[in-house]
Structure formats: C-alpha cells, structure tokens
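J.: Chains as they are written, first to last, in full-length UniProt numbering: chain E, 1 to 348; chain F, 1 to 348; chain B, 1 to 348; chain D, 1 to 348.
For the record, the hints were derived by calculation from the structure and aren't laboratory data. Heads up, a few of these hints could be off.
Treat identical chains as interchangeable: a pair holds within one or across any two.
[To be verified] The calculated EDC-like cross-link candidates involving lysine to aspartate or glutamate, where the alpha carbons are at most 20 angstroms apart (straight line), are:
1) K267 x E30
2) K3 x E342
3) K64 x E84
4) K169 x E120
5) K64 x E266
Protein chains: 4
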Amino acid sequence: MTKKKIGILGASGYTGSDAVRLLARHPNAEITALTANTHAGKTMSEVFPHFFMLDLPRLVEWEKVDWTRLDAVFCGLPHGTTQEIIAAVLKANPGIKILDMSADFRLRDEDSYAQWYGHEHRAFELQGEAVYGLTELYREKITAARLVACPGCYPTAVLLALVPLAKAKLIDVDDIIIDAKSGVTGAGRGLKQNTLFSEAGEGLSPYSIGSHRHSAEIEQEIGVAAGSAVTVNFTPHLIPMARGEFCTSYVKLNGATPDDLRAELEKAYANEPFAHVTKKGVLPQTQNVRGSNYVQIGVVADRIKNRAIVLSTLDNLVKGSAGQAIQNMNLMFGLPETTGLEQIALFP
Amino acid sequence: MTKKKIGILGASGYTGSDAVRLLARHPNAEITALTANTHAGKTMSEVFPHFFMLDLPRLVEWEKVDWTRLDAVFCGLPHGTTQEIIAAVLKANPGIKILDMSADFRLRDEDSYAQWYGHEHRAFELQGEAVYGLTELYREKITAARLVACPGCYPTAVLLALVPLAKAKLIDVDDIIIDAKSGVTGAGRGLKQNTLFSEAGEGLSPYSIGSHRHSAEIEQEIGVAAGSAVTVNFTPHLIPMARGEFCTSYVKLNGATPDDLRAELEKAYANEPFAHVTKKGVLPQTQNVRGSNYVQIGVVADRIKNRAIVLSTLDNLVKGSAGQAIQNMNLMFGLPETTGLEQIALFP
Amino acid sequence: MTKKKIGILGASGYTGSDAVRLLARHPNAEITALTANTHAGKTMSEVFPHFFMLDLPRLVEWEKVDWTRLDAVFCGLPHGTTQEIIAAVLKANPGIKILDMSADFRLRDEDSYAQWYGHEHRAFELQGEAVYGLTELYREKITAARLVACPGCYPTAVLLALVPLAKAKLIDVDDIIIDAKSGVTGAGRGLKQNTLFSEAGEGLSPYSIGSHRHSAEIEQEIGVAAGSAVTVNFTPHLIPMARGEFCTSYVKLNGATPDDLRAELEKAYANEPFAHVTKKGVLPQTQNVRGSNYVQIGVVADRIKNRAIVLSTLDNLVKGSAGQAIQNMNLMFGLPETTGLEQIALFP
Amino acid sequence: MTKKKIGILGASGYTGSDAVRLLARHPNAEITALTANTHAGKTMSEVFPHFFMLDLPRLVEWEKVDWTRLDAVFCGLPHGTTQEIIAAVLKANPGIKILDMSADFRLRDEDSYAQWYGHEHRAFELQGEAVYGLTELYREKITAARLVACPGCYPTAVLLALVPLAKAKLIDVDDIIIDAKSGVTGAGRGLKQNTLFSEAGEGLSPYSIGSHRHSAEIEQEIGVAAGSAVTVNFTPHLIPMARGEFCTSYVKLNGATPDDLRAELEKAYANEPFAHVTKKGVLPQTQNVRGSNYVQIGVVADRIKNRAIVLSTLDNLVKGSAGQAIQNMNLMFGLPETTGLEQIALFP
C-alpha cells in the first residue's frame, strides 16, 4: 500500500506533536506537511527536540501548503481559529480527510457553540457533515466521513463510561456528578503562570467549575443517548502530572445494581480494541494508560443506597486527542483500526 | 513561663516528625522524649536527617520513658497499638495531657470501632473522656480535656466544610458525595509498593472506595451536627504530591443558595485563626496551605439546580495531624492558640 | 523594640514573595510597602494566593513609595533594572538599608559586570560601598553597610563549600569543577517554555554551560580567597523540583586529605548558626534544607588519587536569596542573626 | 517468519516489565514464559496492571519452565542470583540465547567480580563466552554469541560517550570525572525508604559515591579502549523523575579541541540507528529519550583551558536495559537491529 500523505496543522502544540510521534511510526502514513505559523521556517526538532531522529518537513505557514497533494490533515489549532482554515483546506481539496482535534466542529447546535465559545461559528455550513469522532460510538459514520470532529479529552473519558448506561436507562441522567482530574498537558503548551512547574507541581487546584467548555459536549452526547436534554455537574481539577485524565462519575441508579452497570459496559465494549472494562474489584488508574490509546473503565458500589461510582481514565493526548484521531483516520482509509496505535502504557 | 516537657510516641513516622518540626520551634515546648521501638538507640537525625541542626533526645522504646516527668505526650503510633500504650501512660502519670494523632479514640461507639478497625477496642474505659480534637468544633471541651483524639486529615477537611451547613440545615445530609484527593504522605512512611516514587509519580489512582476508615469519623460528626445517622459517599484518590489534601463535596441544598452556604461558613469561622473561607470566585488550592496549619474553604454554584459544591483543603500532616494536635495542646495549657503555628504555606 | 518598616521591590517574583513569607512572621519587621509595577493596584493575595491570611499593603509602582518612611528595602527586581532604582531610593533616603537580592551590585569590577551582563553599570558610584552579602564571609562589613549585594544562590552554595579550602591552600584553585543542580524556581516566575510543568517535569536538562553569570561571582570570591585570578568550570542542570540547589564540586588536593578538608570546614563554621558540615559518611541532600535557611556541606574521598568531592546544598530562595538577605538585615539592625529564620526544612 | 519463543526471568521487576512492554509488540517475538518466584501463580496484570490488554502466560517459578521450548531468555533477576540459574538454563537447552540484564556476567575478571559484588562468581566457566552487550561496541561478537551480558544503564551512557574518545587518544583517561544523575527506577521495584514518593520527590541526593558497582564496568571498558588500567571518578545522584539518566563527563584533552571530540563521536556513530550526536550548541536532555532506545550525546567546551564536557543521556530501562537487550536479540536472530525498538520518546 502506498503511504497516505499527511499534513498537521498546529504542529508546535502538544496534540500536534503527539500526532507526529505516532504518525512517524505508522506504517501507512507519511508526514509531508507541518504547519506552525509562529514557528514557520524552523525544523520540528528545534521546536520539539525529542524528534531529533526523524527526517521531517520544515514547519511552514498554513497558507503555504499545497493541500491538493495531501490525503489527510490533522488539525491541532486552538479553537476558534480552525473553522475558516478547514473551510479553506476543503475548498482547495474537497477529497481530503480532516481529523480535527480542536473544538470547532464538536457542537451540532449553532447557538450552543456561540454560547460556550463566545463567538459565532465561522463555517457552520460544514457543521452538518462533521461527525463527532468518538470512535466507539460513531464508527460507521466516521468511516464514511470527510470531516471528523474528534472529541475533547474529558468527553471521551466521560462518554465512554456513561453513554451505554444512559442508553440502557440504567442511570438517572438528571443526577450525574463528574469529578474530573487532568494532567497539566491538558492546558496546552501556551505560557501560563498556573502551568509553570513551580506553580502546578506538588499541588492540586480546581478550575473552570461550572464553566468548562467540555461540559457542552458531554451534555450533547448524553442527551443523544438519553433522548432528552441533560445538565451535568462537571468539576475539573489540575493534577501534578503531565499526562493522564481520570473521571470519577457519581450516578443515581434506576433500579439497577453496580454489577448491572458493569455488565452493560462489558457488553458494549466486548469487541473494542481500546475500551476495556476492569473486573469487579480492580480500579482503573492513569498509570495504566499513559502514552497509550487505551481507556480503562470500572464500576464501584456506593455506600449510599441506589448509587454507583463509574471510574474512567485515558491519556488526554492519545485516546483523548491524537490517538483517537489516528484511530478515526484508520477507519476512513479502510485500514485496521489499531494500526500504529498499539503501544502499551509507559509504566513506570 | 517554664517550657512544657513533651514526649512523642512514634517519632519515626511522618506525623511524629512533623510534630518534632513544629515543637522544636515552639516557644513553650521542650521535647524531652522521643520513642520509636524499631529504631531505639538511634539519633533522630539518623532517622530524619533534616533535623541535623537540632539537639534532640535519642530515640528509645516507649517502655523506657519516665512519663511522670512529662507534661504532654503526642502519639503518632499506628492505630490499634495506641490504646494500651496510652492507658499505660495515663496510669503512670494521670495528670499528663495526651494528644493522640492515631485513630484509636476517635469513634465514640464501641461497635462502630470494632466494625471499622477489625478488632475490639482495647481501652474503652478511656473512650468516655476522650474529646474529638477538631479544634473549631470542640474548643471548650478540648481546653478541659486530658485525652484528645485528634481527627484524621480527611475528616478535618470535610467536617470544617460541612458541619456548619448540616447544623444550619442548609444541606440534605442524605446526599453528600465527597470526592477526596490526598498527597502520598497520607499513606505514611511504611514501605508499600504503591507509594514508591516510580509507582505513585505522574499518576493518579483511587483507593479504598467505600471502605476508607475516615468515613466513620465523618459520618459520626455530621450525624451529631444533623441530629441523625448519616451515610456519606467518600471516595479518596492518591495524588502525586507529598503533602496536601483536597476535598470536593457535592451537596444538595435545602432551599438555600450557594451564597447562603458561604455566609454560614463565614459566620462560623469569622474569628477563627486557621479556618478561612474564600471570597466568592476564589477557589482553594493545596498550594495555599502546604506546610501550614491553615484550612481554606470555598463554595461554588453547581449547574445542576438545587446543588452546590463545597471545596476544602489543608496540609494533611499539619492541620490534618500534628499542627492541629499542637493547636489543641496550646488550648490545654492555656497558651494562645496560635503559638508556634503561624508558619505561612511554603509556596512555591 | 519598635518594628522596622520594610519595603519590598519586586514583590510579585519568587524571591520577593519568599521575603514576604519570612518577614511577615519576623518579630521585628513590619511590611509597609510592596511594589510590582506590572501588578500595581492588586492585593498581594491576588498575585500569591497563599498569603490569604495576611493583611499586607496593596502592590504599588515603585515610584509611588515614600522611601523616607522606611527603614529597609529588599530588592527582588531582575538584574539590570535595579541599579537606577536603588540609586533613586538612596537619594530619597540616604539612611535606608538596602538588601539587594538582584545581581546588580555583586561584581566589584566594572568591566567584568559589563562583560557578563551585557551593558554598562548604571550606578557604579554606589558599587564601592556595596558589600558582598555572603554572611559567613563578610559579617563585619555587612553589619556596618548601607547597601548589601546578596549573592546568587549558586555562589552561596559553592563559596561556603570552597572558600575556606582555597584560603587554607588545601585545594588547587586552577582545577575546580562544579557540577550544579537547581530546582525550577531558580528560573523565576517569568513565563518560559522550558519551565512549564510538562516540559521540566520528569526530566533533566543542562543549561548555560560555560555562560552562567553566577560563574563571575564564584570566580571573584574564590579569587579573593586564593589571592589570584581563577577560572572555574561551572555546569548547571535543571532538576524537576521546585526548590533546592545542590553543588558537587570536584577538587584537586594540594597534599591534603579529604579529612583535612572536612576539618577545615568544621573549623570555619564551628560557631555558625546556619552553615553545617556533615559528619564523615553523611551526605547532604536538598530535602534537608527545603524551605529553610540552612546550608549542608559534606566532603567525600575520590577514588582518583589526590582528589576529593565537596558537596553543598541549600534552598535557593532562602539561604540562596531572601533568607540570607534577612540574615544580613538582622546584622544591620543589631538583631540576633537568626531572628525569624529558624524554620526547619519542610520534609517530607 | 515464525515468532521466536521468549521467556523472561524476573518479570515482576522494572527491567523485566519493560522487556514485556516492548516484546509484546515485537513482530517476531512471542512471550511464552514469565517467571517471578515470589509472585508465582499470579497473572502479569495483577503484578503490573498496565498490561491489562495483553494475553500473557501466568507467572511461574523459574524451576517450572521447560527451557527446551524457548528460543531466548531475558534475565531481569537481581545480581548474584543469576549465575546459577543461567547455568541451569543453558544446561537444559544449550542452543538457547541468553540476554542477561543483570550484572552477573559483565566483569571479565573473576577477582574484580568478587571484589565489587562481595562473593565469588558462581558460574565462572560461562564468563569466557559471555559477550559484553554494548551493541555499538561489540556488534559482531554479540551477533555470534549465546550469552550476552547487557551493560548497566550508567555504563551504557558513559561508554558510548567516552570509548571512542579514549580509543582515539583524544582524552586523558587518568582524569575522567563522571557526574551521573539517575531517575528513581534505577533503584528497582524493591521497597526502600529512600525511593518512596515522599522521600525522593522534590529532592536530590547523591549516593554510593566511590562505591557504585557500575564503576567497575566503566573502568573495564575504558581500560580496553585505552589499552591500560583506568580509575575514574563516578558520582551518582538520585533525581526526582522515574526514568532517565544523564551523565556529565568532565575530560582533559590531549591537545584536541571540543570540536575534535564531536567529530570523532559523529564518525563513530554515523551509521548507528540509536546513538545520536547533537549538533554544536544543542544540549542533550533526558526528555528527548524517555521511553525510547535512543542515546543522545553532546560535547561542550569548558571555560578551563584544555578541558571539555561530554554529555550523554538515555532511558535507563530501555537503552540502559531491556531495549538494548532486544537490540542484541535482534542481532542474534538475524533480524533488523531496530525491530520493535523505534518508539519515539514520550514527551511531554
């Protein structure tokens, strides 16, 4: 098979670089364009020295790329900037596959987008064809899509844990509390005081309670599963680790037992290569998925009657971003879904 | 004022050593006995080299101490071993003040103790006089006590956040979910695989869900405040930091608003030197209390109607253990409550 | 004693904030002015939330301070900006005491300053009266000084280890190799990519080899001790910890033994409150001094004949900066040298 | 090609588990036996839960393995225990390939072994055929070998940096100072107080100065390169990171320049897949090799005349252990040397 020619928009950020890390060793991919407008002209290893052993194209401005020569594009740009660029890319090459790792095409509702992101959608004509790229839930649509809006890291962790339960009406979707914990890479490579080593290290701080934009995606998709509008509690905390995300979801049971929940999840993911349900008594932990595309989900009984706790964990840059994007790309190109993604967690 | 003569039982553990750290600079205390049966004969700086600048008594077996010459004893022994030793100490010197940092005298109910700790209480005759040492809640009784059972680190954080709310009937005590996060010192200095640097670092893992013994203390004291038996959800997670504890408590409101909760907490702690309620919009974080005896408590609105989130944080070895014990000792000796405890958090 | 009125220039940086942390609990100090030009108008706890319990003056621009009402000023400004400001402060109040924690008055030679710092000295008329503030070496001059140039963190660690040996001619000053390791706070609070948690965490990188400006101070002071110009190897590395500095100095012996070196250091620091020499066989470690004003120094034999290894460690923000400045202030005001500085290391 | 059947002795330690991590995804390997005598009977994912997605053989006692059915064995046992077991394995199956990751066959001299390891060699009859498994230096011999003694992590980093320079007589081998820094996995998975998170985190401590056993290997191999017995200074420090090793070697030049050193190294490694020499001005850092089999080496001028600094870094569990063992296995089976080893560093 000839290798697919891949471009990466926003290669100087962490999601872009993790796409490079994985695609550089993907047997069916060839990285042929890397963009980073503020670093244009530099080599990738000037920006990310751990790529010293790779022979990669130099970073260029996105306007300089000949999109007609590419088969697929990964987009790791900040939200808000992506919509117009993707519209331009698709105009230049309507047959190209787009793996958008930004938030720009995740919300189907135009008003909801405007409300959560603070500005009107800039390419809403494309939103209709965008498929929400949570592979396990939308595999068929992704396979046929041109534009895939890969979910946020938190939504991936939460939705894989809760959607099957909401669909099966095992839980009360009006009483979902999600206590979420993220490593610092979740905040990106931009320079912020609170992500300095000396500030984030050896400490824990909550942030964006009640206002984190990933709430919107979570509510959209649980709403789809439940067949009704949903409001969830989503409370994120910053944890002193680089990678990893852990969601502790507190749910009210509709007559079901914790074992019923586990059974439902096991059924849903029985044939999934990356979504794993732990055995009764085994607790997921971020260490088990660091650097990998795997998700671990567990169910624990609550001492409060008629309640359960659902635990889920993933690597925010892999299954939570670049890895899932590649998983989707594999589907879109008819490749085995696991190609290039079977790295085991780097532990310790 | 002559200095009070202080002994520390279990000086080779972390709560013992933090008591030494603080008492060595306390203007009214003189450390005159240190016990550690497995390290008897060693100097303290062999066991904790950061005490190299102090002139401390050598570690001895607890049986070798002449308790009649001491004014107070801090006990940092593991639970289960403490009851008989404290009984022996009090027999040798009935006038001595006991600051127990273990779990041995925290539960007032004999059956509850047996159920959570797996063995019968070995000095239940003393339980009746033991005062639960949460200073802000039991100040008067502590002042008059001989035996103070200092609370666990998690209970201190949770109870300071929730007891005033339960007392004022602002929250529904049958629907309390406590997502708790602790630094690794919470597990003590014993050798365990999961607290090795290479295992706990750069990762997050839940533990003891539904079975953590601190649940019992939390339920006992919220029960007292509410006037009825209570079962809470208490879900602890291990965080890659040495010190610090953060509790995110999800509560259902009895018609109150989040602002009402904050106002109630502000009223409760208006004159407290160590318990601080953050202003609306300011979130507590462990960095603000590391190494100090302060507690920070905050209230945030929930997007789910009729719910709120109460955040609380402290240093598990200080306000969560040795610091609160010293705060209690100050009361018991008629000293200003803040003596020796006003260190500001070590940040960064 | 009435409290001395203290101002802090550059209170929004880490050395400034550590000065606040310590001075706020200093029995003879009252913080009456805090400057931070880019944060003017804010409260200190907006900039450093761990000061929530303190009642501090609001941050102002340095030009707004009435210097005639202050007894002493600590300066935590970046190098290069300090000279003119200090000149202005001294003009406004010639009797004020200046504790400069920047690099602006450390080098006695005008050309050397220009060479290492890339611009001409802007207040060289003051350099003559500036005393190099390494307390243990210049105590008498500091006591009498108006302007004290507190040394850099690395020079403090290195010079306390090597100056007594150079003075006593026990080592060959032409063959000194200093492998230095620093925590990330050494790089300050400014936003830099390499000090982000995700970049500096879980990794080690050398930096500024052969070009670190602290080399100049080290060479100046070892030169004074040896009575001749000296060039040293100084190779710093960034370590994933917030505080702490460790210097491993490889020295050639002039006929002396490692035990002779230790004896010389013990003699030099026999009466020093903060400089401690470890016993034979005990190795210094940063954990022993974290958050404290203590320095630990050790000597180890080398397997290579006629060589030894001298180890030294301190907290870069305390004995390496704000703590030593306060130690000097105590001398300048005739206070006991240890006042407000006896905190023991925060371990763990 | 049929897959080679692989056994791993000591699969419950970190070098064993990293061998599993890599071999499980190696296209020509099949793990068919895992031993761990203290954990016999458990599944591998009970011991290392990050292997939850693999279908691995259950852990057994080494005595239970049928060695005749295996093609190769990796040995991750502690030193001292390995010699007799390997002798037994080879007796059972003389055609098997042994990749020993322990220290038991690294020293060619029987007396040197006894001196450094404190007991007599227990299978010295095999030492003669053991090849020192530093791939880049002994490739031909390894290809033909049956028993390969893979080097320690520190020796790999140091020898790749210095052997070409010693061979070319560019440096004075009597004046080599190696300041070495290691992550905590270097100490293994055994329970030790100094490798607890709360002890090793946020701190730096030197250890085993003058007595670290890796000195012996370093001296043996630099001696071979130089053609004379050599004594080096080797000073290790424990760094708060899980993986990664960094060696800063201070060398005296025999008339050469730092550029000559870099040129010699570039020549030596021009065709090497895993050993990379950085360009002038680029400094190696552990982040660039974390989780990978790559080594980065750099040369920097020293401000002291006639001296240079050679920097080298690798992942102690990969190129420093399991990765290099697999690299050797590839050679021994006639596979492309890089098979299964091209993972890029996990950064951030």
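J.: Hint by hint, note whether the structure agrees.
T.: Hint-by-hint comparison with the structure:
no. : hint        : verdict
1   : K267 x E30  : neither (36 angstroms within a copy, 29 angstroms between copies)
2   : K3 x E342   : both (19 angstroms within a copy, 18 angstroms between copies)
3   : K64 x E84   : within (15 angstroms within a copy, 48 angstroms between copies)
4   : K169 x E120 : neither (35 angstroms within a copy, 44 angstroms between copies)
5   : K64 x E266  : neither (47 angstroms within a copy, 35 angstroms between copies)
Hints 1, 4 and 5 from the earlier list are contradicted by this structure; the remaining hints agree with it.
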